[in-house]
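Heads up: the sequence lines are chains A and B, in that order.
Under this note's numbering, the first residue of the first sequence is numbered 1, with each subsequent residue one higher.
Under this note's numbering, the first residue of the second sequence is numbered 1001, with each subsequent residue one higher.
Read the hints as simulated data drawn from the structure, not as lab findings.
Check the hints yourself; a few may be wrong.
According to the in silico footprint, chain B covers these stretches of chain A (three or more CB under 8 Å from chain B) [stated by the list, open to error]:
#1 360–371
#2 404–414
In silico DSS-like links for lysine-lysine, alpha-carbon gap of 27 Å or less [stated by the list, open to error]:
#3 K1404(B) to K1376(B)
#4 K307(A) to K375(A)
#5 K37(A) to K154(A)
#6 K1285(B) to K1158(B)
#7 K1375(B) to K1353(B)
#8 K1376(B) to K1421(B)
#9 K307(A) to K230(A)
#10 K1223(B) to K307(A)
#11 K1223(B) to K37(A)
#12 K375(A) to K398(A)
#13 K1421(B) to K37(A)
#14 K1375(B) to K1285(B)
#15 K1285(B) to K37(A)
#16 K187(A) to K154(A)
#17 K307(A) to K1421(B)
What you are looking at is a predicted structure, and each value in this text was computed from that prediction instead of being measured.
All C-beta atoms in this analysis are idealised placements derived from N, C-alpha and C, irrespective of residue type, glycine included.
Chain by chain, the residues run as shown.
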Amino acid sequence: MVDQLPNRGREAEMLQSMGLQTMEDLFIDIPADVRFKEELPLRGPQSEEEIIADARRLLGSNVDMGARPSFIGAGLYRNYVPAAVFQLVTRGEFLTAYTPYQPEVSQGMLQAMWEFQTLISELVGLPVANLSLYDGSTAAAEALTCAVRVHNRKASQSNTVYVSELIPPDKMSVMENYCQGAEIIIKTLKHNADGTLDLGGLKEAAGSCGVYLEQPNPLGILDEGLITVKDIIGANTALIVGVQPVSLGIVEAPGHYGADIVVGEGQPLGSPVTGGGPLYGIFACTKPYLRLMPGRIVGRSIDVDGKEAYCLTLSTREQHIRRHRATSNICTNETLIALMGAMHMALLGPDGLRDLAQRNLAACQRTKEILSTTKGIEIVHTAHHFNEFAIRVPGSAKDCLNYLDDNGIIGGFDLSTWYPESKDQILVTATDQTTLRDIEVLSAQLAMWSMHQGVSA
Amino acid sequence: MSHLFNHNGANDTGYSQPPGLTCVNEATVPSGLVRQHSARWPRLSEPEMVRHYTWLSKRNFGIDTGFYPLGSCTMKHNPRVNEVIAQLPGIADIHPHQPEHHLQGLLSIFYEMQHMLEICAGMDQVTLQPVAGAQGEFTAIRCIQEYFRQRGEDQRTKVIVPDSAHGTNPASAAMCGFEIVEIPSLADGRMDLAALAAVADETTAAMMITNPNTLGLFEADIKEASQIVHDAGGQMYYDGANFNAILGITSPGLMGFDAVHFNLHKTFSQPHGGGGPGSGPIGVKAQLAPFLPGPLAARRSPTAQESVTAVDDYWYHWHQPEHSIGKVQQWHGNAGAVIRCWAYYRRYGSGLKTMSEHAVLNANYLRHAIHREAKKEGVSHLFVDGAETDVAKHEFTLSMQPAKDALGISAMDVAKGLLDKGYMAPTVYFPLVVPECMMIEPTETESKDTLDTFAEQFVEVLQTDAETLHAAPVTTPVRRVDEVYAARNLCLRHPFEDSE
């Protein structure tokens, strides 16, 4: 504690220079009836080394995914973050800066975020990107409210948006919380038995304010049908596509098949999973959405000498100026994590990103190939998958995952958590970090599980 | 200038990656989905990448660079042990959907943080899920909204905010669908109880206020305000942006509040990272607890089997509140930030009060030092206190209106002059109720010497002629940036088209 307070021991001197006697004199304006009568009932202070020791013990009891064969993803993906990214992002000039309100002394982060905007813009194929929202779920939610702001006046289905029925309930809940204040009605879009979007049913979404779909979808399926969606819903309904950014190394950028807004969970590019946060939400759009979009944006400008300079721009959309008429309440965002994403993209280059995407695709494909020959295991959807796919197991998914866990494997995600009727389905995730041995161990244990369940060899 | 897009790099492939797994059938994407247009940014080799970002970092000002008295932002030193802990095994490579017995350490830290914040705020239940202060505000107002809906009080459609409130307050309440009722502050910047009483009625859902307020003054009438709102049937919301002033001295609970958000990136030293990540937990009284977003960390006695791997005398588990509003972030919030702030809390423990005392000591000392130096140099007529008070709390405001009237020197001119002296500028033009406002918050981690020197330099800026100040800054990487040009000539990405 002492090592954080430079003025310990100088209190009397400082108080005296103000004509005060005790620290208590600094708080005479706080009435007695709202004061704590006693010390806070908390543990005593610790030294740095004691804190580290406790942190090692507590965090050490958590099970790292990398410590065993792990096949859990479902929106967050194990990846490798290059060493230089961690080294640079902890530089104090980045780490300990606030939002760049004084551009003259914040050119570094401003330029880095302008570059990030460019990278995201190129990645998703749209002209405008902001410098991050909180995560993939809030980016999707803010995209829906943005679409309503832009299209509501001309919409035949006013205040209405359509969302894929496959969207995980936790993400759906975030969308509902963000949408309910504007009284936005969220309707769902059906899928075919093969896991692809029912394009016939999509016609009813035409005339609404927006449609939210994911590519790959929550079951890992790369759905070719999405390239026709914009033609079906028309110019006055926003097509919003949620992406896994790494996939865009090989998968067509949604901006090139008609997306008006692209959002996504940025984590797989540049950031570890970190227990679910901090992450960064990607938000990019076409120009008609620019002035009604959420979040901070950096613009390139000039200084008084005409020299190139950067600053925050289009702030009149934001809460500190527009107050209750702002496009969003967002203020603090995920700049530093977005910076990690930019650094990772710079190291990869588009070719490296293509290779990384291909490794993820191949890891998924290899896992699928091996599990498709594993006794008792059925691959639920015949499709092109990225990162993950659903399997059907004998017995319940929950019991199967417990069995795998007892045998040192994080086997995947119990799909009945999302879709209650899918009691025997597991979402199995493979990434660039998945090894052949991991897959073989999973396959062997799934075969054992099937045998225990009475599936004959 | 170093530009990412001017590097030529090694164009053919990115940093060396291991080969992918070999498949029986080639792994492909559907033919109609094959990416047709490659993205157009260069690949940087590691030496180029390291140098580019190091160069950028040198063009950026952080707390590590120098004094950062940005009012309302609590720019305190970020202890480095927090960063070391965040890199230990057991956090980066953890998935939020792993089973509870994989996450006992994380859950125990979550529980400890919830409990600590409950005690500091005088609240009954805390959730760590909101990832920023503004999201905390939104979450708490959503809980209040559902609370009234369940009670059949749908007519409570209004949220009261003082005109000095942070912009996020009205923005967050409006996002929930509430109508905003703004009440004016008194001439001295404090809350106007009569104005509050005049608007609080059966349509009031909540009042949102921060205390100390945005002028750095403690609202001594806060209990009366709570009484007025509660008598009208509304709930009281505490904006925790200024929590650094009162830890261990008073609490929102003691003041009569029903809900509060914390900015862990302010009070508990999560580094702000140039704009984030933050963490914005909220605490609520018992009547609102069933509506919190879930899951929360909870604990019980372990079974015999569990006690073998338990981290202490308890078994930690997730708990879903009964009438939860659902989720505001898809996972469990910014766990990485919570870990860092846990390390910060452990450093102070029950001594958190000392931290707040020093924050208030430093703010008052700096205020006195600025007045002292100004008097000595004969420039004390160039500014006035933003609010009349004997003591400020963690921050204070000055109005530069006299300097503007006498010499044409604005608050922005002074701010830019301070940049030339090697400081980050204070917050300017907020709160709006103080003309030509400068809002100064030194925090507890600045030494007396730093404060004395800053006071001298501040006065030196005031002694500088207007023409020089209008031209400031001149020592920074760029000079005054044309924000109007940026808005009129929008350039939001690198124009590859032009350079090809």
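Note to self: Quick check: do three or more residues in the segment 360–371 of chain A have a beta carbon closer than 8 Å to a beta carbon of chain B?
What the structure shows: It holds, with 7 qualifying residues against the three required.
Margin query: Just to be careful, I want the Cα atoms of K1421(B) and K37(A) compared with a cutoff of 27 Å; is the pair within it?
Written below: Not OK: K1421(B) and K37(A) at ~44 Å, beyond 27 Å, violated.
Next item on the list: Sort out whether K230(A) lies within 27 Å of K307(A), counting only the CA atoms.
Entry: violated (42 Å)
Next item on the list: Measure nothing beyond the straight line between the CA atoms of K1376(B) and K1421(B); if it is 27 Å or shorter, mark the hint as holding.
Entry: Satisfied, since the Cα-Cα distance of roughly 20 Å is no more than 27 Å.
Check: Given the hinted pair K1375(B) and K1353(B), is their alpha-carbon gap at most 27 Å?
Finding: Given pair K1375(B), K1353(B) is violated - Cα atoms ~33 Å apart, limit 27 Å.
Note to self: What's the verdict on K307(A) and K375(A), does the C-alpha distance respect the 27 Å limit or exceed it?
What the structure shows: violated (67 Å)
Check: Given the hint that K1375(B) pairs with K1285(B), does the C-alpha gap stay at or below 27 Å?
Finding: This hinted pair is violated, its Cα atoms lying about 48 Å apart.
Next item on the list: Below or equal to 27 Å on CA atoms is what counts here, so check K307(A) against K1421(B).
Entry: Distance of about 22 Å is within 27 Å: holds.
Margin query: Just to make sure I understand the rule, a stretch counts as covered if three or more of its residues have a C-beta closer than 8 Å to a C-beta of the chain. Does the segment 404–414 of chain A meet that for chain B?
Written below: holds (count 3)
Next item on the list: Assess, step by step, whether the Cα of K37(A) is no farther than 27 Å from the Cα of K154(A), and give holds or violated.
Entry: violated (60 Å)
Note to self: Holds or violated: K1223(B) and K37(A), Cα atoms, limit 27 Å.
What the structure shows: Status holds; Cα separation ~17 Å.
Margin query: Would the hint linking K187(A) and K154(A) be met if the CA-CA limit is 27 Å?
Written below: holds (19 Å)
In summary, the numbered hints that this structure violates are 4, 5, 7, 9, 10, 13, 14.
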